[in-house]
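Chain order of the listed sequences is A and B.
Numbering (numbering that gives the first Met the number 0) for the first sequence: 0 to 80.
Numbering (numbering that gives the first Met the number 0) for the second sequence: 0 to 80.
Source of the hints: derived by calculation from the structure; they are not laboratory data.
Every value quoted in this text rests on a predicted model; they were computed, and no experiment measured them.
For every residue, glycine included, the Cβ atom is placed at its ideal position computed from N, Cα and C.
Chain A side only, calculated, beta carbon under 7 angstroms to chain B, not exhaustive:
| id | residue |
| --- | --- |
| 1 | LEU29 |
| 2 | TYR44 |
| 3 | GLU48 |
Calculated lysine to aspartate or glutamate pairs in the DMTMM-like style (CA-CA distance at most 25 angstroms, straight line):
| id | chain 1 | residue 1 | chain 2 | residue 2 |
| --- | --- | --- | --- | --- |
| 4 | A | LYS57 | B | ASP36 |
| 5 | B | LYS65 | B | ASP16 |
| 6 | A | LYS41 | A | GLU76 |
| 7 | B | LYS20 | A | GLU73 |
| 8 | B | LYS12 | B | GLU61 |
| 9 | A | LYS20 | A | ASP36 |
| 10 | A | LYS56 | A | GLU73 |
| 11 | B | LYS65 | B | GLU48 |
| 12 | A | LYS57 | A | GLU76 |
| 13 | B | LYS56 | A | GLU76 |
| 14 | B | LYS56 | A | ASP16 |
| 15 | A | LYS12 | B | GLU76 |
| 16 | B | LYS41 | A | ASP16 |
| 17 | A | LYS20 | B | GLU61 |
| 18 | A | LYS41 | B | GLU60 |
| 19 | A | LYS65 | B | ASP16 |
| 20 | A | LYS65 | A | GLU54 |
| 21 | A | LYS41 | B | ASP16 |
| 22 | B | LYS20 | A | GLU76 |
If you anchor each label on the Cβ, the simulated ranges turn out as follows:
| id | chain 1 | residue 1 | chain 2 | residue 2 | range |
| --- | --- | --- | --- | --- | --- |
| 23 | A | ALA21 | B | GLN18 | 18 to 26 angstroms |
| 24 | A | GLY25 | B | SER51 | 23 to 31 angstroms |
| 25 | B | THR1 | A | SER51 | 32 to 40 angstroms |
| 26 | A | GLN18 | B | GLU61 | 18 to 26 angstroms |
| 27 | B | LEU15 | A | LEU66 | 17 to 25 angstroms |
| 28 | A | LEU29 | B | GLN5 | 15 to 23 angstroms |
| 29 | B | ALA52 | A | PRO70 | 31 to 39 angstroms |
| 30 | A | GLU61 | B | SER51 | 38 to 46 angstroms |
| 31 | A | GLN27 | B | SER51 | 18 to 26 angstroms |
| 32 | B | MET72 | A | ALA21 | 13 to 21 angstroms |
| 33 | B | VAL71 | A | ASN35 | 24 to 32 angstroms |
| 34 | A | GLU60 | B | SER51 | 32 to 40 angstroms |
Number of protein chains: 2
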Amino acid sequence: MTYSVQVKVMPLKELLDPQGKAVMGGLQNLGIRSVNDVRIGKNIYLQIEAGSAEEAKKIAEEAGQKLLANPVMEYFEISVN
Amino acid sequence: MTYSVQVKVMPLKELLDPQGKAVMGGLQNLGIRSVNDVRIGKNIYLQIEAGSAEEAKKIAEEAGQKLLANPVMEYFEISVN
Numbered sequence: 000m001t002y003s004v005q006v007k008v009m010p011l012k013e014l015l016d017p018q019g020k021a022v023m024g025g026l027q028n029l030g031i032r033s034v035n036d037v038r039i040g041k042n043i044y045l046q047i048e049a050g051s052a053e054e055a056k057k058i059a060e061e062a063g064q065k066l067l068a069n070p071v072m073e074y075f076e077i078s079v080n
Numbered sequence: 000m001t002y003s004v005q006v007k008v009m010p011l012k013e014l015l016d017p018q019g020k021a022v023m024g025g026l027q028n029l030g031i032r033s034v035n036d037v038r039i040g041k042n043i044y045l046q047i048e049a050g051s052a053e054e055a056k057k058i059a060e061e062a063g064q065k066l067l068a069n070p071v072m073e074y075f076e077i078s079v080n
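Just chain A, same shape as in the assembly:
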């Protein structure tokens, strides 16, 4: 069966997010002033062929650790649909 797995890769909370800061500046310039903070990461959808949701999650975790996220700067979260 094919599982749709969502992997969110975000910059670590301890780190500055210059892309987010730039977008916040852009929003202010557009007159949207009620946004206090912006953090930007990646949203990755994987279509995984697996025997169970558990197995699909394990494969996504392996993918996250080996390729999708850089653990020095990012963390990732997985959800299986």
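Model the placement of chain B on the given structure of chain A, informed by the hints.
Showing chain B alone in chain A's frame:
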């Protein structure tokens, strides 16, 4: 009150996603062969000061239309926590 709003920005389904294709190739090279498709977009967290969740969502929608997503190539989804 401050609402945490998540904006997912993804490439339109009709379009190719070269970044996703490249990541899929990388996964195959790493021996992760059960992934059939990869699509990569952005995951954006906004901290929005608003009177209600409704209002926060409206502000996020305005931000999505004006700055966060390029409607020619991307669509976006909003969820308020």
